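There are 2 protein chains.
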Amino acid sequence: MSDLKPTADAPRSPGRPRSTRADEAIIEAVLDLLAEGSTIEALSIEAVATRAGVGKATIYRRWPGKDALLMDALRRLKGVVAQPAGHSVRDDLVLLVGAVGHNVDPRAERIMPCLVPEVNRSPDHFQLYQNIIEPRRKIMREVLRRGVATGELRADLDIEVAMALLTGPMLIQRLMRWHPELDDRLLPENVVDGVLDGLRAR
Amino acid sequence: MSDLKPTADAPRSPGRPRSTRADEAIIEAVLDLLAEGSTIEALSIEAVATRAGVGKATIYRRWPGKDALLMDALRRLKGVVAQPAGHSVRDDLVLLVGAVGHNVDPRAERIMPCLVPEVNRSPDHFQLYQNIIEPRRKIMREVLRRGVATGELRADLDIEVAMALLTGPMLIQRLMRWHPELDDRLLPENVVDGVLDGLRAR
Numbered sequence: 250m251s252d253l254k255p256t257a258d259a260p261r262s263p264g265r266p267r268s269t270r271a272d273e274a275i276i277e278a279v280l281d282l283l284a285e286g287s288t289i290e291a292l293s294i295e296a297v298a299t300r301a302g303v304g305k306a307t308i309y310r311r312w313p314g315k316d317a318l319l320m321d322a323l324r325r326l327k328g329v330v331a332q333p334a335g336h337s338v339r340d341d342l343v344l345l346v347g348a349v350g351h352n353v354d355p356r357a358e359r360i361m362p363c364l365v366p367e368v369n370r371s372p373d374h375f376q377l378y379q380n381i382i383e384p385r386r387k388i389m390r391e392v393l394r395r396g397v398a399t400g401e402l403r404a405d406l407d408i409e410v411a412m413a414l415l416t417g418p419m420l421i422q423r424l425m426r427w428h429p430e431l432d433d434r435l436l437p438e439n440v441v442d443g444v445l446d447g448l449r450a451r
Numbered sequence: 250m251s252d253l254k255p256t257a258d259a260p261r262s263p264g265r266p267r268s269t270r271a272d273e274a275i276i277e278a279v280l281d282l283l284a285e286g287s288t289i290e291a292l293s294i295e296a297v298a299t300r301a302g303v304g305k306a307t308i309y310r311r312w313p314g315k316d317a318l319l320m321d322a323l324r325r326l327k328g329v330v331a332q333p334a335g336h337s338v339r340d341d342l343v344l345l346v347g348a349v350g351h352n353v354d355p356r357a358e359r360i361m362p363c364l365v366p367e368v369n370r371s372p373d374h375f376q377l378y379q380n381i382i383e384p385r386r387k388i389m390r391e392v393l394r395r396g397v398a399t400g401e402l403r404a405d406l407d408i409e410v411a412m413a414l415l416t417g418p419m420l421i422q423r424l425m426r427w428h429p430e431l432d433d434r435l436l437p438e439n440v441v442d443g444v445l446d447g448l449r450a451r
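Residue numbers (the numbering used here), protein chains in the order written: chain A, 250 to 451; chain R, 250 to 451.
Just chain A, same shape as in the assembly (with noise of 0.2 Å):
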């Protein structure tokens, strides 16, 4: 439950030992009104409240306000972040695409994409949006990196458009069904396989 925990300007005050039912009500609450088409402009604290049953008050002592407790709530959505073992490159590559767009929740197929146009829509929400996947990039980034100074990739690679390559065919089939004839099951190493080695013929 440890992505249950407030955020790092949201310090928990010690001594609550109750607040674990209340923090998982209002989490769930802010999940299912977006999941049931609120946009992040229409959610309030208000409605958080009604919806998980407790005091606004309950709410404000534990998140600063509503976009601290929006980003707890997404980051549930995710799950935890995949650790590759640092072995191989390729392996490595194959353990973070398969974890790109693969969301532990079932709510994230209805908010993720809705959530998109609005999120880009606001520099604040953009800037909130881009702190979930930051710390998923940093480690595709890392590998990467370790990849082209082990020499396994190309030492002028563009890190920034690797990752795109490797995220993009992922995200467009989990999150939109993009093909509905391309194996989910098979595509983290398809996709890995198909970047590194390229498509021309040698």
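Hints are computed from structural coordinates only; laboratory data are not their basis. All clues given are correct.
Derived lysine to aspartate or glutamate pairs resembling EDC-like cross-links, with alpha carbons at most 20 Å apart:
| hint | chain 1 | residue 1 | chain 2 | residue 2 |
| --- | --- | --- | --- | --- |
| 1 | R | K387 | A | E430 |
| 2 | A | K387 | A | E401 |
| 3 | A | K327 | A | E358 |
| 4 | A | K387 | R | E430 |
| 5 | A | K305 | A | E295 |
| 6 | A | K315 | A | E295 |
Remember, it's a predicted structure, so these values are computed and weren't measured experimentally.
Here the structure of chain A is known, so what remains is to put chain R in place on it, guided by the hints.
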């Protein structure tokens, strides 16, 4: 304005030159309602008629039903299909990849991401959406097959995976502004060259 032609299953009755303005108003009404957050489910012929300032009969004279109208409206967002020159597989792919996720209508940015989860819940709507993107897929598939035939691309190429590799990075960037630091103008070339050449050191 060829994009405004009714679908094949909705033959236009001849001798109706005044209809263009009504066609336009009806299509605009659909796109406005979707951009304002209407779900496909909630979108009714009645709501479209009210918004367009026409009678329901005017709509039914032009389209057999909501799905045919919706398909024409969504197709309109994307504009005309790019036609590759057929000289170099690499250059043709740059053209086609550059058109991925490109919408001529700014409302697409609000409509498309939110549409996806809804479309995926209904087999009819999923098929409708596939009908819109399949002609574009077909052209890319043909370029890739030609590349295999000419020896430019690997003989063992998995065409569907290759299409996902080429399409995914563009779609996440254009539809979701996935990575703020990627240069959108250079991306089609970077994606095609990256995927063709591969990331592995040689």
